[in-house]
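Visitor: Residue strings, one per chain:
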Amino acid sequence: MNTAVLITILATSVAAGAPVIYATVGEIFAERSGILNLGVEGMMLMGAVTGFIVAVKTGNPWAGVMAGMLAGGLLSLIHAFLTITLHADQVVSGLALTIFGAGLSSFVGQNYVGVQGPQFAPIHIPVLTDLPVLGPLLFNYDVLVYLSILLVPLAAYFIHHTRPGLHLRAVGEDPTTADVMGVSVARTRYIYTFVGGLLAGLGGAALSLAYTPGWTEGMSGGRGWIAIALVIFAFWEPWRAMVGAYLFGGVQALQFNLQAVGITIPTYYLNMLPYLFTILVLVFATGERMKRHLGAPAALGIPYIRGER
Amino acid sequence: MTESNVQQSDIAVEMRDIVKRFPGVIANDHVTFIAKRGEIHALLGENGAGKSTLMNVLAGLYAPEEGEIFINGRKMTFHSPRDAIEAGVGMVHQHFRLVPTLTVVENVVLGLDEPRFKLNLEEATQKIEALAEQYGLKITPDAFIWQLSVGEQQRVEIIKALYRGAQILILDEPTAVLTPQETVELFSTLRSMAAKGHTIIFISHKLDEVTAISDRVTVLRAGKVVAVVEAKDVTKEKLAELMVGRPVIFRLEKPEVAPGQEVLRAEDLHALNNKGLPALKGVSFTVRAHEIVGVAGVSGNGQAELSEALYGLRPLQKGKIYLNGQNITKAPTREIIRQGVAQVPEDRHKEGSIGDMDLAENLILKNYRQPPISRGPVISWKYVFDFAKTLIRRFDVKAPGIHTRARLLSGGNLQKLILARELSSDPALIIAMHPTQGLDVGATESVRELLLQERSKGAAILLISEDLDEVMQLSDRILVIYEGEIMGEVPADRADRNEIGLMMAGARQETLNHHETVAA
Amino acid sequence: MNQPSFSERLPRISFERRLTAPWWLAWVIPIASVTLALLTGALIIASQGVNPWEAYKAMFMGAFGSGFGMAETLVKAIPLMLAGLGVSIAFRMKLWNIGAEGQLWMGAWAAAGVGLYLYPAWHLPPWLAITLMMLAAMLAGGLWGAIPGLLKGVLQVNEIITSLMLNYVAISWVLYFVDILWRDPGGLGFPNTALLDRAIWLPKLTWIPFLPPGNRVHFGLIIAIVAAVILWFLLNRTKWGYEVRVIGENPEAARHAGMPIVRNIILVMIVSGALAGLAGMAEMSGVAHRLQRGLSPGYGYTAIIVAWLAKLNPFGVLLVAVLFGGLLVAGDQIQLTMNLPRSISDILQGLILFFVLGGEIFSRYRIRIR
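Residue numbers (this note's numbering), protein chains in the order written: chain A, 2 to 310; chain B, 723 to 1242; chain C, 36 to 405.
In short, the hints are calculated from the structure, not lab data. Where hints are given, some of them may not hold.
To be verified - Computed cross-link-like contacts, DSS-like style, restricted to lysine-lysine with a CA-CA straight-line distance of at most 30 Å: (1) K758/B to K946/B; (2) K860/B to K918/B; (3) K129/C to K1072/B; (4) K1072/B to K1042/B; (5) K997/B to K129/C; (6) K1111/B to K1052/B; (7) K346/C to K1104/B; (8) K129/C to K292/A; (9) K960/B to K997/B; (10) K292/A to K1042/B; (11) K1052/B to K129/C.
For clarity, every value in this text was computed on a predicted model and none was experimentally measured.
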């Protein structure tokens, strides 16, 4: 394997990881508050299609990003209402969200398949981008990739070193205590479920406006589910989520570049790689979790009703 | 109602005509409650009398249907615990309200509005240390809650209330989890707080404590106030009668039975807890037929792990278990059940019953594999229903019928259901964990009677309980467990509270005897 | 008391657990929920400039309005029934098997292998070939389900994600055969296998009254009904079914009763996968008569909704599967006649699930707004 291919693979990993970082960090927020949202796939798809349509209509990809986030956020509010206010089963509600989001995205996007639209191109930074090796490795990404990298330390800081972050952790671990201490469980859960939706929508928009510009039905290809798996892999920590997302990106990059290094495997097998990789990662992460006795947020998936155990 | 004379200006808390209903019950029926500034006021009553409900109303957790609250003479409306905290009311709940995965400091500052965004834990730590110093409360601010003993956790709860400037501190059954010596320590803290002008409201159903610490006592029975008295003016017997509504016999009829053959022998048991840390470190003991062996100890010292290990639910790292001379160390739970071991689990809802299944289905949980309940792979429901009806009648479980869901039973009836199931197979060994926790006096009595009957019939019983009184009343021998080790063993008729208390705090029996001889 | 009590000033929604629910609630709530879902769907349809009333009429008539429509509804219901039964038993044990789609594909693949290659090679009698196809499908689906089952039971790996990931893997795997390895060279460039020999197609149920001649309802319907009866018996009359229900309701109590939890997790996942595999076999041998792309339009996912709406009751699954079969037929119908995308049926599925889910609270709790 020569250096050029290696650089391509590494750079592709980072680019491919960006949408997954958004979705994973978003789901970390939701799950930290105790809400398991299996609708990430649906929210990403709606984010992708809405983002793309709005970008096409306005000609402005930033408007698309905003719209994509909003679409994901609005969808997450359905889940929030059902599970927080009406105490519905979180697993079923999340599945419904994914089915609904997938259906709706293909419905509204039917006339946009194959349409050319605005997109975020890699930013050319004078001098830096032209550096050998470092240039393509570090300074040749679109703005959404840089933002995804920025998101990780911000999210980690927020969760561990701020007051709202403390309240977020408390609500997910022990909502009864949080409630008694004056933290509104419902409000906190609404906020972070919504944040999760916004970020999933952003992840979707990053797909349709940057990573693989354009809209095709079901274009997230299971990334929403992979994000949920990466949350477990990450032990609910943003930094580890980033590692997971880049590992996933690496698998994708390999998938595209194996031919380039002269390895021929039927594409059908290559297509399985990200999913098999996800299962593998989950198995190892679960093993490590058991060994280190790290748990999910203790109240994850459990509805909170004051005065009821 | 006997109203003791109270000066208006002394009144810290006044709750007037409070009514709080839950589906099917009136927890507080026009309750009026007054506590003075600087006093220790006991709220006495049986389980289910409405004490905790009343105090949860005062702490802003429940909104009452009727009634008013005045704090320092000002009418208050609490929408949430936060409002109550702002009015100076702090509560230490029976089940601590601490997030186990957060540190002490994080728990203390949880829910505060300040700082707005960035946490300043150093400053909070200093403030906590100052408070701890002032009130003589030993704590480690940067430890995680899950690392702390229950006694330490209770101190964190008190600090948490003080940190918020609580002038009125409510403690719900604070001594239930403490050793006798820790209780003494807590009482001295409470006295010094009262001396500094704090109002302490102390919920309890234990008469000794109430007379030992409180200035005044409000007695609740079935949701109503039955008396308000000065503590120095009443006897324990009188309080008991007020609390229960009839004269109470303090001693249980415990027939003299000679112990029989050895049924259970545990040798050098070692096991880990759920965090992977050693929970049992070489526990050995025996239980004989016709004998109740009590295990006393503060919660979290390996009792749960011991019960699970004996029942085949927790792997042993080392050690052997014999049942009637047969090695059952590695036997699966199914086999242990078949050999005649019954279990009254710690948590009636989570471990002992299936809330959304009916009583009949709950009653066959342990013997559904055996004929005539099932033949081959098929369950004979016809037989099961007859079996269930018989048991419900024999054990006096009050329920509309065998098709009632277990979730709908009261705590006492649910416990009777579990006992009906466990005792129906005439077990050789019964492992009972906290069998009367949370039950009212009537249900407690019948559970204890059932256990004594089984003892007379020849069962060996291992009684694991945090309620030292219960252990001392029922047992023939008492083992004291501390951090996964047995500190000592005393025959019940020569048991000394003080000695047991010291062992519960980690003193070994040998060293105690040594001191005694020296002192003598 | 003349003074307003302070609790009156709390504008709170409070939930009180119902001890008993009036009998009519069990009917009113689902009907109201579905109605609301359809109303919401109407908004979405209207947004495309189509009259929703007309669209719904066309959908209903397409699915239930004619003998042919009814027959097609039953045809689509068959895989939903079988996969739905599979999902329902897993859900009984709170095992979130959302891998029915992949298990279905694996079942179809294995059955096609037997039908296309073993049957002619071994000169099997057709009845034996069909039996073998069923067994092969159950085996393949069951093994595919056993993977997340093993991972969950032994290593406690989250089965939601593993079972779902395996859907993608299964489809990739089967498509490799459809497109390349088993591709029919005489297929005029269409990616599919050769047709199965007519003798090993699942027989058509021509004797059902009211259905028009030439309809496609096949023997899979009988298989599904028999499967439901067996499943009901297993769950409600046997020790094993009792274990499954106890483990599902309260695993901790099951552990204290010495029930073999790990073994049952794996076993239930195998049974669940086998039923989904059978669904794939039925669709392949009864309808498509070959392995092809698009064999399942997401039956495995719809089956999840079917199982859940049926409250995991086997006979309920049969009934709800017919309704959802109708919804799928209706989706195809209006795509043809009204130029609405068929994804409208996915949207309606999601909406129905949302509203039923939201409506459930009213049967479990009494809601007071003060």
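Visitor: Look at each hint and say if it fits the structure.
Guide: Tested hints:
1. At most 30 Å may separate the alpha-carbon atoms for a hinted pair to count; K758/B and K946/B meet this at roughly 20 Å.
2. Restraint check for K860/B and K918/B: the C-alpha separation of about 19 Å stays at or below 30 Å, so the hint holds.
3. For a cut-off of 30 Å, the pair hint linking K129/C to K1072/B stands: about 16 Å separates their Cα positions.
4. For the suggested pair K1072/B and K1042/B, the alpha carbons sit about 28 Å apart, so the restraint of at most 30 Å is met.
5. For the suggested pair K997/B and K129/C, the alpha carbons sit about 25 Å apart, so the restraint of at most 30 Å is met.
6. Between the alpha carbons of K1111/B and K1052/B the distance comes to roughly 36 Å, so the proposed pair goes past 30 Å and is violated.
7. Of the supplied pair hints, the one linking K346/C and K1104/B holds, its CA atoms being roughly 25 Å apart against a limit of 30 Å.
8. Proximity of K129/C to K292/A is assessed by CA-CA distance (about 24 Å); at most 30 Å being required, the pair is judged to hold.
9. At most 30 Å may separate the alpha-carbon atoms for a hinted pair to count; K960/B and K997/B exceed this at roughly 47 Å.
10. Between the alpha carbons of K292/A and K1042/B the distance comes to roughly 26 Å, so the proposed pair stays at or under 30 Å and holds.
11. About 29 Å separates the Cα atoms of K1052/B and K129/C, which keeps this hinted pair within 30 Å; it holds.
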